[in-house]
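Asker: Let the hints inform the model, and build the full structure from the sequences given.
There are 2 protein chains.
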Amino acid sequence: MILERENSQFELTDELIEQVELCVENKDDKELKRVLNEFHFADVAEILDELDLEDSVYVIKLLDSEITSEILMELDEDIREKVLKNLSAKEIAEEVEELDTDDAADMIAELPENRQAEVISKIEDEEHRDEITELLAYEEDTAGSLMAKELVKVYETWTVGGCLRRIRGQAKEVTRVHSIYVVNKEEKLIGRLSLKDLIVAKSDQKISDISKDTVDSVNVNDDLEVVAKVMAKYDLEAIPVVDDNQTLLGRITIDDIVDVLKEEAEKDYQMAAGLTGDVEADDSILELTRARLPWLVLGLFGGLGSVFIMKGYENIMETVPSLFFYTPLIAAMAGNVGVQSSAIIVQGIANDNVKGSMGSRLLKEVGLSLINGFVLALLVILFGFIIGQDTTESLAIAVSMMSVIVVAALVGTFVPIILDKRGIDPAIATGPFITTSNDILGIYLFFVLSGLIIGF
Amino acid sequence: MILERENSQFELTDELIEQVELCVENKDDKELKRVLNEFHFADVAEILDELDLEDSVYVIKLLDSEITSEILMELDEDIREKVLKNLSAKEIAEEVEELDTDDAADMIAELPENRQAEVISKIEDEEHRDEITELLAYEEDTAGSLMAKELVKVYETWTVGGCLRRIRGQAKEVTRVHSIYVVNKEEKLIGRLSLKDLIVAKSDQKISDISKDTVDSVNVNDDLEVVAKVMAKYDLEAIPVVDDNQTLLGRITIDDIVDVLKEEAEKDYQMAAGLTGDVEADDSILELTRARLPWLVLGLFGGLGSVFIMKGYENIMETVPSLFFYTPLIAAMAGNVGVQSSAIIVQGIANDNVKGSMGSRLLKEVGLSLINGFVLALLVILFGFIIGQDTTESLAIAVSMMSVIVVAALVGTFVPIILDKRGIDPAIATGPFITTSNDILGIYLFFVLSGLIIGF
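Protein chains in written order, with UniProt numbering: chain X, 1 to 456; chain P, 1 to 456.
These are computed hints drawn from the structure, not numbers from a lab.
Every clue listed holds true.
Just so you have them, the derived chain P footprint on chain X, three or more residues with Cβ under 8 Å: (1) 162-168; (2) 261-275; (3) 343-356; (4) 362-368.
The calculated lysine-lysine pairs, modelled on DSSO-like cross-linking and capped at a C-alpha distance of 27 Å, are: (5) 212/P / 33/X; (6) 202/P / 153/X; (7) 196/X / 153/P; (8) 196/P / 196/X.
Remember, predicted model here, so these are calculated numbers, not experimental data.
Cβ atoms here follow ideal geometry from the backbone N, Cα and C, with glycine treated the same way.
Answerer: Shown next, in the form of C-alpha cells:
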C-alpha cells in the first residue's frame, strides 16, 4: 500500500487519502505518523490539499513543526490560509521558527495584519525575528522580498583552514551552500568562492587569494523580473543581494526564481486568454466569475459598438447584403492578426529582442501583413467566385479585408510598444483588449472601404 | 567606456558594438581581446548577435576555445548555425572539447547530419567522445537528451577522508557540485550527500554512514516535462538520471530546466496566440509569415463558414435585420468564452489540478457560464431598450447569446480534456482553434435559437 518514493514517482491515490482519513478518524496517531513520514513534505502537502480542513489541521498539529512548517509552505495558498486560521499565534510562531527567513516572511505576510505582529512577537529566536521583520519591510516583487538572510559569509582575511572551521558552524543553518560570499571588514561584498574551491585549496591559503573577485549581485530594490533575467542569463543558482553601499544583505536561490518564472508565465498566459487575477480550474464559481466576467463585459461593449456601426449601414442591406455576411469573418481576422502581432511583440519586449527603430518595425509589420493579407484576399476572391458572388463585391471585400489586416497588425504591434514606453505592462494589450478594439475598428474600416470601392 | 560588469548590469550599447566592429576592421586583435575579456561570455554572445556574420566568425576564431565554446552556446540559435557553417570540423571539435557533455551534444545535434560524424571523429578526448555519442542517441525531450555525464560519484564503502581526496580530482571537471552521488559496486545509485555533509563529517566516517539513502532520480527515458515537475516540486537543483536498472547515467541541473520551462511557456503562449513554430520579433518576414499564416487561413475558413450560414438566413434580412448586426458580437463572445475556458483547463491539466469527475466539471462549467451569460444577457437587453429595439428581438438575441456562451464554455472545457485523454497536447486547442470553431458554432446556434424564439 505504501508507495516508495525513492526511484518511483509519488502518486496521489484515493486509497492513500482514504487511509489517512481513516487514521485521523480513529485518532491513530502512531499509524498516521508512520504513513506520512514515508513521504516528502511536498507529497504530504498534496495529500492535505485533498483532506477536509479539520483533518488537515489535525495532521498539522500532530506532526513535528520541523516537517509541518515545510508542508505548510507547499500547501495550496487558499488551504494554507484556512489552516493557519485554525492555529494559534504561538503555534504559527513555532512553524515560523523552523522555516528559512524567506519562507517565514512569506508565511507571515499572508496573515491578516492584526495577527502578523502577534505571531512575530511570539518568535523566540531574536535574530530570526529581526531578520523576518527586515524582510517584511521590502516591497513586493523586489529582490528584498524574495531573498533569504541565510548564507555563508567569510572575510577576505581568513585562511582556508580557518574558513572551513567557521563554515562548519554557519553551514548547518543553511540548507544549501551554493556560493560562499567574501566580504571585507565593512561587510561589503567583494567576491565569492565555491565549497569546491575551498576543498581544492590548501589549508593555509588566504581567502583573498582563492576567491573570484567578479561576483554578480542584485540590488535589494531590483525588480524580480530583473533578478530572474540575470540568473537565467548567467546560469546562476544563487545570487547575493546588496544594498546601494554594496553591503551584503541576503541571497536569492534559483528554486525561488523557478516559482517566479512559472507564476509570471501563467499570469501572462491568463492575461492573453482574458482572465484577470490568478485563477485555477478548481477555484470556486464565484472566483472564476470574478476572473472571467470583466473581460467578457469589455468584449460585449466592443460587440455592441459594432452593432451600432452596422446599424448605420442598414440602408445598404438590400443592395449589398453580402457585406453583412462577412462581418464575423472581418472581426475574426482583425482579432487574430492583432493577437498574433501583440504576442510576438510582448514576448520580444520581455526577452529584450525588439531591436531597431520604430520606422523599420513599421515597415516590417506592414510588409508582413501585406503578404498575409494578400494570400487571404486571394482565398476570399476564390471563395466568392465559387459561390457565384458579384465580382466587384468580392473584390471590395477582399481589398477591405486586406486593409483591415494591415491596420490590425499595426495596432497589435504598436499598442504594446507604446504601453511599454510609458512604463505600463504591455501584456495587458494582448488578448481581449486587442481583439475587442480590433473588432470594432475592423468592422468600421470594412464598411468605409467597401463603400468607397462599391460606391454607397 | 568599458562597462564594469560587477555590481552593474551589462548594457549593450551602440558605442560598444561600434568599438568591437572597429577593432575587427583594423584587425586590432590585442585590443579586441582586451575589450571582450572584460565581459561574461553571455554578454559577449549578445554583442556577437549584433555583428555581421563575418565579424562574429572573426571574433570566434580569435578568442580561446575555452571562452568561445561558451559564447557559441549562448548565441541566438540561427546565428550559431551560421557561425558553425564557417568553422571547419576540426575547429568545431575543439569547441566541443571545451564544453560539458550536455552542451557538446546539443551543439553537435544542431549540425547537418553529414557533418556530425566528421566533427565527432575529430574529438581527441576518447571518453568525451564516447559520452557525447551516448547522449546523442537519446530521444529528444527525454531526460537523457538533457543530462550531462559530468557528476561527482563516490562508492558507499569509501571513507570521508578518502572521498574528499578523490573528489578533489573529479570535482575539477564538474563546474558545479550540487550533490555527490553514492553508488554501490554495481554502479547503482543508492544515495546522495552534499559537499556540506562531507565537510561537516569526520574524516574516518564511512560514506554509507553519512549519506542520505532517499534520493530522487528520474529515468533516462522520462519526458522533460516530468523532470521539470519533479525538480520544481521538490526544489531540487540537480537530479540524477538512471536507467531501468537504477544504474547512474548522468545528472540534470536546474539551470537547464529553467531554459526548458521558459521555452515551454513561450511555446504555449504562442500557440494560444495563433503562432506556429518558435518565432521571435526579429525573425525574417518569411519566417514570421510561416508562423502566422496557417492559423489565419484556418480563421478565414471559419469565417467563410459563417458567411455560408448567414447566407442561408438571407430571407429574414428584411424582417429581423438586427440579428445580422449582432453576429460579430456573438462570434466574439463565443470565441472569448471558449478561450477563457480552454486556458483554465489547459493550465489545470499542466499543473495536475483538474480533479473530480467529468460530471461535476460539466455542472460547474454550465453554472459558471450561466452566471456570466445571464449578466451579459441583461446588458444586451438594456442596450436594446436604450436603442429602442423590438423587445422580442432583444429577448431572442439575449437568450440565444446566453445559450451560445454556455455551449462555447463547454466546448472550451471539454475539447482540451478529451485531447489530453487521447494523449494529444491540449494546448493546441487554445487560441485560434477554439475561437474559430466556436465562431461558426456560435453563429449557427444564434440563428437557430433566435428563429425558434422569434419564429422564422
